[in-house]
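For reference, the chains in residue letters:
Number of protein chains: 2
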Amino acid sequence: MILRWGHRPQRDSRLTTHVALTARALGADGIILSDIEDKKIKETINKITQNWGGTFSFTMGIPWRKAVNEWRNEGGVVVHLTAYGENIESSEVLKEIKDSRKDAMVIVGCQKVPGEFFAESVSDFNVAIGNQPHSECASVAVFLYRFLGGKALSMDFPSARVKIIPQKRGKKIISHGRFGRLNSKEI
Amino acid sequence: MILRWGHRPQRDSRLTTHVALTARALGADGIILSDIEDKKIKETINKITQNWGGTFSFTMGIPWRKAVNEWRNEGGVVVHLTAYGENIESSEVLKEIKDSRKDAMVIVGCQKVPGEFFAESVSDFNVAIGNQPHSECASVAVFLYRFLGGKALSMDFPSARVKIIPQKRGKKIISHGRFGRLNSKEI
Numbered sequence: 001m002i003l004r005w006g007h008r009p010q011r012d013s014r015l016t017t018h019v020a021l022t023a024r025a026l027g028a029d030g031i032i033l034s035d036i037e038d039k040k041i042k043e044t045i046n047k048i049t050q051n052w053g054g055t056f057s058f059t060m061g062i063p064w065r066k067a068v069n070e071w072r073n074e075g076g077v078v079v080h081l082t083a084y085g086e087n088i089e090s091s092e093v094l095k096e097i098k099d100s101r102k103d104a105m106v107i108v109g110c111q112k113v114p115g116e117f118f119a120e121s122v123s124d125f126n127v128a129i130g131n132q133p134h135s136e137c138a139s140v141a142v143f144l145y146r147f148l149g150g151k152a153l154s155m156d157f158p159s160a161r162v163k164i165i166p167q168k169r170g171k172k173i174i175s176h177g178r179f180g181r182l183n184s185k186e187i
Numbered sequence: 001m002i003l004r005w006g007h008r009p010q011r012d013s014r015l016t017t018h019v020a021l022t023a024r025a026l027g028a029d030g031i032i033l034s035d036i037e038d039k040k041i042k043e044t045i046n047k048i049t050q051n052w053g054g055t056f057s058f059t060m061g062i063p064w065r066k067a068v069n070e071w072r073n074e075g076g077v078v079v080h081l082t083a084y085g086e087n088i089e090s091s092e093v094l095k096e097i098k099d100s101r102k103d104a105m106v107i108v109g110c111q112k113v114p115g116e117f118f119a120e121s122v123s124d125f126n127v128a129i130g131n132q133p134h135s136e137c138a139s140v141a142v143f144l145y146r147f148l149g150g151k152a153l154s155m156d157f158p159s160a161r162v163k164i165i166p167q168k169r170g171k172k173i174i175s176h177g178r179f180g181r182l183n184s185k186e187i
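Note that the protein sequences, when read in sequence, are chains A and B.
The numbers in the numbering used here rise by one with no breaks, and the one at position 89 of the first sequence is 89.
The numbers in the numbering used here rise by one with no breaks, and the one at position 157 of the second sequence is 157.
Hints in this document: simulated from the structure, not taken from any laboratory.
Where hints are given, some of them may not hold.
Heads up, the list lumps identical chains together, so a pair's fine if it works in one copy or across two of them.
Within a straight-line C-alpha distance of at most 20 Å, the following computed EDC-like cross-link-like pairs (lysine to aspartate or glutamate) qualify [claimed, not checked]: (1) Lys172 with Glu74; (2) Lys151 with Glu74; (3) Lys168 with Glu70; (4) Lys47 with Asp124; (5) Lys168 with Glu96; (6) Lys95 with Glu120; (7) Lys171 with Glu186.
Keep in mind it's a predicted model, so treat the numbers as computed, not measured.
Use the sequences and the hints to build the structure in full.
Take a look at the structure:
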């Protein structure tokens with residue numbers, strides 16, 4: 001589960017959409033947009049899930065503290081992604097997270113997250129996808145890739161209406177048209 | 001080298017900035033913003049490189065065709081990242097790229113790239129970081145991670161004025177102050 005903190009409607013609209021789509025494509029089961037509602041993003045993401053398949057959940061408006069506490073009470077660990085944390089490559093942090101064998105909630109903030117996010121009361125691990133400034137979207141991608149492995153990238157999303165058939169050249173899409181007809185289209 | 005195509009100043013400003021910072025943090029040597037100039041982004045990226053070290057190059061305004069042709073003439077391969085391409089996990093495409101032992105230029109577009117990008121005259125490989133819709137920023141991150149390996153994430157960027165010292169909790173930064181003094185700051 002991804003928890004996106006600090007989203008500002010409009011200004012962060014595209015970036016948060018990218019974070020959510022990345023989470024879905026890299027194998028996360030859902031995203032929580034904490035402390036705020038943004039119906040437009042919810043609609044966009046749910047529409048993608050409807051068309052492209054799978055069961056990615058989109059929740060919004062829950063206070064971050066409540067979401068974190070519930071996650072921990074149910075036995076999960078909380079991973080805070082931050083450039084200041086333990087380096088995912090040069091430290092043992094990823095191994096420790098995996099060894100815990102617990103479900104992970106991944107907090108993705110922005111530059112100005114509350115100091116509490118770093119404290120034991122909130123995060124079990126502070127993880128840096130490199131200690132250089134870059135992008136929450138890239139951080140989520142690399143973290144999920146390392147944590148879940150690459151298999152999500154080639155998995156079938158159940159109940160998809162639209163599906164890409166990978167090609168060396170060009171574009172090929174299969175879609176379930178009206179009346180359940182299967183259409184294959186080179187575009 | 002990353003080639004970013006289809007950037008629209010203002011509308012894509014943050015996303016392209018994230019793509020460039022991701023490219024730098026994951027080990028690319030530079031980015032070309034093709035066909036357009038955006039001085040604000042150039043300034044942002046160059047300032048980051050100045051402060052955080054390394055030699056990441058930022059070039060803009062070159063027509064994409066010219067950049068691609070020059071790259072190929074100098075013996076490099078061109079990798080077009082697209083959800084329609086060969087799946088990086090389930091195909092042999094990454095191995096083929098690595099086996100070529102050539103420098104790679106990675107084209108990152110947007111939804112509406114010219115059809116030519118898929119053709120042999122432009123791309124040597126069309127690569128999908130999964131065949132689901134997600135984010136060019138995540139695609140660049142995972143591609144570089146797979147292509148260059150994770151070592152970039154823990155490498156030292158030479159001549160950095162600012163550097164994060166990874167921590168389990170909290171934030172620690174070292175900076176070269178005026179007169180070359182070294183300051184360590186817990187923030």
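Hints and how they fare:
1. Lys172 with Glu74: Close neither inside one copy (43 Å) nor across copies (32 Å); limit 20 Å.
2. Lys151 with Glu74: The answer is neither: 26 Å in one copy and 35 Å across copies each exceed 20 Å.
3. Lys168 with Glu70: neither (46 Å within a copy, 23 Å between copies)
4. Lys47 with Asp124: neither (33 Å within a copy, 33 Å between copies)
5. Lys168 with Glu96: between (39 Å within a copy, 12 Å between copies)
6. Lys95 with Glu120: within (19 Å within a copy, 42 Å between copies)
7. Lys171 with Glu186: within (6 Å within a copy, 51 Å between copies)
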